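Colleague: Sequence:
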Amino acid sequence: MIKTLKRLSKYLSDDAIIIYQMGKVGSTSIEESIKNYSKNVIHIHSLYSQNAYDHFKNYQSIKFYVSLKERIRYKIFAYLKRYILRRNKRIKIITLVREPISRNISMFFQDIHIPIFEIAKFFDNRYEENVNNEMIYKMYIDKFNHEYGVDWFDKELKRAFNIDIYDYNFDKEKGFSIIKKDNINLLVIKMEKLNELEKQIGDFLEIEDFKLKNVNISSKKWYADLYKDFKKKFSPSEEYIDTLYNSRYMKHFYSEEEINHFRNKWLKNNKSN
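Going by the numbering used here, the first residue of the sequence shown is number 4, and it counts up by one from there.
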């Protein structure tokens, strides 16, 4: 109880910096960079339910990692967070977007133990050679929540703070925009432009000489080789690409040129595999 109250106390401060985003969008790099200048950084994926559960809810194995008791506890804690944040005099929020197919694959591998456990327990593939790319691919395509990212702003930011991101223009070329509403200052960043935006982030946070450092790099993770091979061979159908790239999310944050570039990248994989 004391630990919970201590965690909630961070949300009471008007100088709190909230990094509120969908996951796998470069947020850890921003968080670790800000910690060099400010202790009160709060990193949130969801103010409603657990991130892992929402991505992997179609997997039978999720119940072994996220129990009903944990989900209920999270929802109660999330309600308290929302209650406090809505009553703060001033809130600074940073959120980020990323090309959705790359983000989805990255998120899938972040919790790759869930689909691997699914394969082992429910498909009788307990031998290492059976946990192969073909089976991993099937787990990804058939069961992963692919539209979580493109729906995130409606299901999270809009519900939590009554900010409809699509009511505000986004500078696709510069890769960032600032939204001000009531007690909220919101910085929206396109991850693909993140390394070019040190000054803009520093200005938003009122931190002089702000410097970004890259952390949470996939190439350094235990699953790096499997992840790299999966991305290289992944050849999504045009229907899959269209579902994500024709979304309001994609058209709001990315230019036609960027969308075509991403589309051609994945279609090229189709032709080469």
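Simulated from the structure, these hints should not be mistaken for lab results. In this text, all values refer to a predicted model and were calculated from it rather than measured experimentally. Misleading hints may appear alongside valid ones.
What the hints assert, rightly or not - Here are the simulated distance ranges between beta carbons:
| hint | residue 1 | residue 2 | range |
| --- | --- | --- | --- |
| 1 | Glu-35 | Asn-172 | 39 to 45 Å |
| 2 | Glu-260 | Ser-221 | 23 to 29 Å |
| 3 | Tyr-171 | Thr-246 | 37 to 43 Å |
| 4 | Asn-267 | Tyr-51 | 34 to 40 Å |
| 5 | Arg-90 | Asn-267 | 44 to 50 Å |
| 6 | Arg-93 | Asn-136 | 44 to 50 Å |
| 7 | Ser-258 | Glu-201 | 18 to 24 Å |
To be verified - The calculated DSSO-like cross-link candidates involving lysine-lysine, where the alpha carbons are at most 27 Å apart (straight line), are:
| hint | residue 1 | residue 2 |
| --- | --- | --- |
| 8 | Lys-183 | Lys-158 |
| 9 | Lys-146 | Lys-196 |
| 10 | Lys-158 | Lys-175 |
| 11 | Lys-158 | Lys-223 |
| 12 | Lys-236 | Lys-60 |
| 13 | Lys-72 | Lys-38 |
| 14 | Lys-234 | Lys-38 |
| 15 | Lys-66 | Lys-158 |
| 16 | Lys-175 | Lys-216 |
| 17 | Lys-196 | Lys-158 |
| 18 | Lys-141 | Lys-216 |
| 19 | Lys-38 | Lys-13 |
| 20 | Lys-224 | Lys-141 |
| 21 | Lys-268 | Lys-196 |
| 22 | Lys-235 | Lys-141 |
| 23 | Lys-214 | Lys-175 |
| 24 | Lys-223 | Lys-235 |
| 25 | Lys-60 | Lys-42 |
| 26 | Lys-146 | Lys-224 |
| 27 | Lys-95 | Lys-78 |
| 28 | Lys-271 | Lys-234 |
| 29 | Lys-146 | Lys-236 |
Yeah, the Cβ is synthetic: ideal placement off N, Cα and C, and Gly gets one too.
Colleague: Given the hint of 39 to 45 Å, is the C-beta distance from Glu-35 to Asn-172 inside that range or not?
Modeller: 30 Å, violated
Colleague: Verify the proposed pairing of Lys-38 with Lys-13, using a straight-line Cα cut of 27 Å.
Modeller: 14 Å, holds
Colleague: Holds or violated: Lys-175 with Lys-216, Cα cutoff 27 Å?
Modeller: Holds. Lys-175 to Lys-216 sits at ~23 Å (cutoff 27 Å).
Colleague: Would the pair Lys-235 and Lys-141 pass a check requiring their Cα atoms to be no farther apart than 27 Å?
Modeller: 16 Å, holds
Colleague: Please verify whether Lys-66 and Lys-158 have alpha carbons no more than 27 Å apart.
Modeller: 23 Å, holds
Colleague: Is it true that Arg-93 and Asn-136 lie within 44 to 50 Å of each other by Cβ?
Modeller: Taking Cβ atoms as reference, Arg-93 and Asn-136 lie about 48 Å apart, which means the hint holds.
Colleague: Run the distance test for Lys-223 versus Lys-235: straight-line Cα separation, threshold 27 Å.
Modeller: Distance of about 17 Å is within 27 Å: holds.
Colleague: Starting from Lys-72, check that the Cα of Lys-38 is at most 27 Å away, please.
Modeller: Given pair Lys-72, Lys-38 is violated - Cα atoms ~32 Å apart, limit 27 Å.
Colleague: Within 18 to 24 Å: is that where the Cβ-Cβ distance between Ser-258 and Glu-201 falls?
Modeller: 22 Å, holds
Colleague: Keeping to a limit of 27 Å between CA atoms, is the pair of Lys-183 and Lys-158 held or broken?
Modeller: 20 Å, holds
Colleague: Hey, Lys-146 versus Lys-224, does the alpha-carbon distance stay inside 27 Å?
Modeller: Roughly 23 Å between the alpha carbons, so the hint for Lys-146 and Lys-224 holds.
Colleague: Between Lys-196 and Lys-158, is the straight-line Cα distance small enough, at 27 Å or below?
Modeller: Status holds; Cα separation ~25 Å.
In summary, the numbered hints that this structure violates are 1, 3, 9, 11, 13, 14, 18 and 25.
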